[in-house]
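So the protein sequences, as listed, match chains F and S. Heads up: the first sequence is residues 828 to 941, going by the numbering used here. Heads up: the second sequence is residues 1126 to 1237, going by the numbering used here.
I should point out that these hints are in silico values taken from the structure, not numbers from a laboratory. Careful, some of the hints might be misleading.
To be verified - In the EDC-like style, the derived pairs of lysine to aspartate or glutamate whose C-alpha atoms are separated by at most 16 Å in a straight line are:
(1) K1167/S x E1130/S
(2) K1147/S x D1174/S
(3) K1196/S x E1181/S
(4) K884/F x E899/F
(5) K884/F x E1127/S
(6) K880/F x D865/F
(7) K1162/S x E929/F
(8) K1167/S x D865/F
(9) K1193/S x E1130/S
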Amino acid sequence: DAGITQSPRHKVTETGTPVTLRCHQTENHRYMYWYRQDPGHGLRLIHYSYGVKDTDKGEVSDGYSVSRSKTEDFLLTLESATSSQTSVYFCAISEPTGRGLEAFFGQGTRLTVV
Amino acid sequence: GENVEQHPSTLSVQEGDSAVIKCTYSDSASNYFPWYKQELGKRPQLIIDIRSNVGEKKDQRIAVTLNKTAKHFSLHITETQPEDSAVYFCAATIQGAQKLVFGQGTRLTINP
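Work out the full structure: start from the sequences and follow the hints.
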């Protein structure tokens, strides 16, 4: 498995509190992504990064922010958690090759907002 | 931007039968189409991919076909086994692009 670690693996938080999820990679891949997975919606892209300090929004970015100060770390922050943000969050990394863009996923973080 | 639609959302087949999952994409410039498998409680992992210069690709019991004109691609699993039970995701991207757009997923159940 690619060297990609998410922390925490599980978290329960209260509505209105800020939450930060961490993704750490040891593969030196250029691209990093945050997806959320919900039943019936598949994997939806929240934000992604194409280099240190270079980030862009995905399709469901409202209520989320990200930061990438080092190649190996990509942080996802829920500024003020809401119940609709209860989900499983996956970090992924990739490095474009001549074949395509294979993504390697972390183990996931199950977040519950109560 | 790219939009990927995946059908069916759930699929149940008898062990030994074949399963087919279909995806359509919107951006005619897309040229790389991977499929990911996610077992229960696990992370998604790449199982097969196809580039737009190829119409079909096989790997043992799984195959992917691509119809560029119709902008759809399909995953075929033959001689299904219990370990094929999982959620399958299709995706599409433009080679050299920075992100993958995923379909909604198909939960495949293999009945003994």
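Structure-based check of all given hints:
no. : hint              : in the structure
1   : K1167/S x E1130/S : violated, 23 Å
2   : K1147/S x D1174/S : holds, 14 Å
3   : K1196/S x E1181/S : holds, 14 Å
4   : K884/F x E899/F   : violated, 19 Å
5   : K884/F x E1127/S  : holds, 14 Å
6   : K880/F x D865/F   : violated, 28 Å
7   : K1162/S x E929/F  : holds, 13 Å
8   : K1167/S x D865/F  : holds, 14 Å
9   : K1193/S x E1130/S : holds, 15 Å
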